[in-house]
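Novice: Read off the chains here:
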Amino acid sequence: MEFKVGLAQINPTLGNLERNVGVYRRTIADAHAKGVNLLVFPELSLTGYFLRDMVPEVAQRLDSPVMTELAALSRQVSLVVGFVEETDDYRFYNSAAYLEDGQVKHVHRKVYLPMYGMFDEQRYFASGDKVRAFDTKFGRMGILICEDCWHLACGYVLANDGADCIVAISSSPGRGPTPGHAPKLKTAETWERLNRICASFYTTFIFYANRVGYEDGINFWGGSEVVAPSGETVAKGDYLTESLVTADVDSNLVRLERVSSPLLRDEDIHLTIAELKRIRDERFRDQY
Amino acid sequence: MSGLEINTDLVRKILVGFIANETRKVGFERGVVAVSGGVDSAVVAYLATEALGPQSVMAIWMPYKTSSAESERDAKEVIGHLGIGSLTVDISPMVDAYFREFPDASKMRRANKMARERMTIAYDHSARLNALVIGTSNKTELLLGYGTLYGDMASAINPIGDLYKTQLRQLARAIGVPKQIIEKDPTADLWPGQTDEGELGFTYAEVDRLLYHMVDERHTDAELAAAGFDPKFVARIRQMIQRSHFKRMLPVIAKISERTIDRDFRYARDWGR
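From first to last, the protein sequence lines stand for chains C and B. Position one of the first sequence corresponds to residue 1 (my numbering), numbered consecutively onward. Position one of the second sequence corresponds to residue 1 (my numbering), numbered consecutively onward.
Hints are not guaranteed to be accurate.
Unchecked claim - Derived lysine-lysine pairs resembling BS3-like cross-links, with alpha carbons at most 27 Å apart:
1. Lys179(B) <-> Lys76(B)
2. Lys186(C) <-> Lys184(B)
3. Lys4(C) <-> Lys137(C)
4. Lys25(B) <-> Lys13(B)
5. Lys236(C) <-> Lys13(B)
6. Lys34(C) <-> Lys105(C)
7. Lys4(C) <-> Lys105(C)
8. Lys76(B) <-> Lys13(B)
9. Lys13(B) <-> Lys184(C)
10. Lys25(B) <-> Lys184(C)
11. Lys105(C) <-> Lys130(C)
12. Lys107(B) <-> Lys184(B)
Simulated from the structure, these hints should not be mistaken for lab results.
One chain only, chain B, in its complex shape:
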């Protein structure tokens, strides 16, 4: 695990400061977090509450009719423990109404639709409450592309996008996230029995160790093989990162002028703030 251990006190301080600073400097006081009952959104809800205060955080629980009772129990435990505002929006009517028109839609299309349905609701309440949507995508899923573009990947600010799943679990323990949330199998909970690790075919512990050595430490395939990583696994993960890179970028803009957005029109997002 070496290299993946973090100083949780320091990371907590940096992330709480990040949420407070990046929220307030753009003129907001409040945040919206889509809570799923999983560890990622739990950590974000805890950090946002510490940064902005419980009265300034709104948790939205957006179940589909197949969402598990366990997810609901865990999401509500986080909300209750933090004393933050909460809202339940059942997405089944809108998702089902849409797929009545496309009954043969695949699991993946349904999953993406649900993620994007939740995004539109989170952003609607962002406008209603004058609150920023705080993102819950971690570094592992961002690198692997294991998320829905403009769905769960959409947010205004993301405090946990540079932390691998295994690092998030360390942080979750340190900030008091309930144990059963940290220890249960991670799942997108889009259909009964789905788990991330079952779907991906490897564990977060395995892939995080590889990602750390591949991405953060920039080791070559030969070095990774010498360190004991299966070359087939290495090749597969490299391909996943490369193929999903578009999800981590703005849409490609066809260049016409001397000054094209994001190419030779370069400003930080915190421009003047």
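Extracted from the complex, chain C is given alone in its bound form:
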């Protein structure tokens, strides 16, 4: 399986759905013209990130006009869309939808909502309770949103659920301009290390899409990247500037990596489950 992936390193406008839908339309047309088959948008890029009380104001049901339009556009290019999802029971999730051939193929709801430092997501969002791989035209994939990636169990579940590609999307605020030759934020270094490690040890592709721009003085650093199962970064967006990052993906590279490093074949999930059950029983014994 060979296909071209695009990472839409865009600069959304906070709480301005109309303007952001315009950016989505233009980016999709551009990606289509460049032969992109799967286009990945960053976390909450349809709405902006520091939404606070705007969360219910910009939320979309999966059948809303905006989502219906994006689903229709997925006949040209398969899409991963980062948005606020409103459910039938009026919960709001930080979600990513995989749209393909006019259909919603999968929705991942962010599980780990950061609630520390500059982050207050749990105040506004409900937490997702599933981490699942799913089948697409381009093979089996899984989606994680920002903080989910930092909990290595999420990627572990997806890899063991058969994902060949992990789509990781974020709105990562840049911090820590540490000295050195390469002008790189500490945040960027951490993410790049994480992506290379996850690709290597889960033996999957990582499609990492991060946004750019500023919200209330907070910068989002971009640097979107495609990391191959070998751990090699095969495409990389600039820091801090808008771009459409593209890479040709050959799923045979997953095969080759798993031939030389059959980590998933040898993974003993019975052992992991048994030990985790024991830990859970010990840790929560008093709560039953």
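Starting from the known structure of chain C, arrange chain B on it as the hints suggest.
Specialist: Showing chain B alone in chain C's frame:
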């Protein structure tokens, strides 16, 4: 100094992007900078010029009759070097007219009045030129409360408020601010011979090192003492931060309704922009 070193190329890129982005998204193209001849306002003028272009930056030099000749020379050198628009407004007539009514006013009252006089002028030209006031308060003085509320602390956007004074000097060197401006003693220049470090009783190098470990690294007093910081100095700085916290907040609003501004009416400033 470890921990206070910054990658100046990267910080410059982030701050230039910040000024351009936060200015334009609220519908402005221009900025106003109150220049004092000091390193903070020089750095801001350089960054604003890089972000918006020299024709879109207005520097206002607002001396009082006691302002030093050195300050004037340095402010004018920055303006000349950048080729930005400039304006001189002498604040002596208005400040002196006011204090003729209150001749026994303390130094501090006079200093605050001058800072607020300058603020009203900067904001007047902000309206005249359709330009945002770009702030020049650094992280050290914001944390210590070493500034005048609604005076020099007032601005629309502040590119340098998360950089300590010693970090600003690194940035100033990297972006080509004239050497004598970086190396001279920092001063509010409110009366002859005044220097920040003389008034505060410690150097920026000392306090920045402490602030970095106390605020950014969240070390406890015991850890700071073990690292060699004088406990009396630590206690004094903690108190300065705590007592000046009101200067870093909106005025306290008495809660009446279900939705009170800034408490349960929560929106980013860049709301919809």
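Novice: Look at each hint and say if it fits the structure.
Specialist: Hints and how they fare:
Restraint check for lysine 179(B) and lysine 76(B): the C-alpha separation of about 14 Å stays at or below 27 Å, so the hint holds. Distance check on the hinted pair: lysine 186(C) and lysine 184(B) sit about 32 Å apart at the alpha-carbon level, beyond 27 Å; violated. Restraint check: the Cα-Cα separation between lysine 4(C) and lysine 137(C) comes to about 12 Å, which is no more than 27 Å; the hinted pair holds. Restraint check: the Cα-Cα separation between lysine 25(B) and lysine 13(B) comes to about 18 Å, which is no more than 27 Å; the hinted pair holds.
Proximity of lysine 236(C) to lysine 13(B) is assessed by CA-CA distance (about 19 Å); at most 27 Å being required, the pair is judged to hold. At most 27 Å may separate the alpha-carbon atoms for a hinted pair to count; lysine 34(C) and lysine 105(C) meet this at roughly 24 Å. Distance check on the hinted pair: lysine 4(C) and lysine 105(C) sit about 19 Å apart at the alpha-carbon level, within 27 Å; holds. Simply put, lysine 76(B) and lysine 13(B) have alpha-carbon atoms about 25 Å apart, close enough for the 27 Å limit, and the pair holds.
A hinted pair counts as satisfied when its Cα atoms are at most 27 Å apart, and lysine 13(B) with lysine 184(C) qualifies at roughly 11 Å. A distance of roughly 26 Å separates the Cα atoms of lysine 25(B) and lysine 184(C); the hinted pair therefore holds under the 27 Å criterion. Between lysine 105(C) and lysine 130(C), the direct Cα distance comes to roughly 15 Å. Compliance with the 27 Å bound is thereby established for this hinted pair. A C-alpha spacing of about 23 Å is found between lysine 107(B) and lysine 184(B), which places the hinted pair at or below 27 Å, so the restraint holds.
In the structure shown, a violation is registered for the earlier hint numbered 2 alone.
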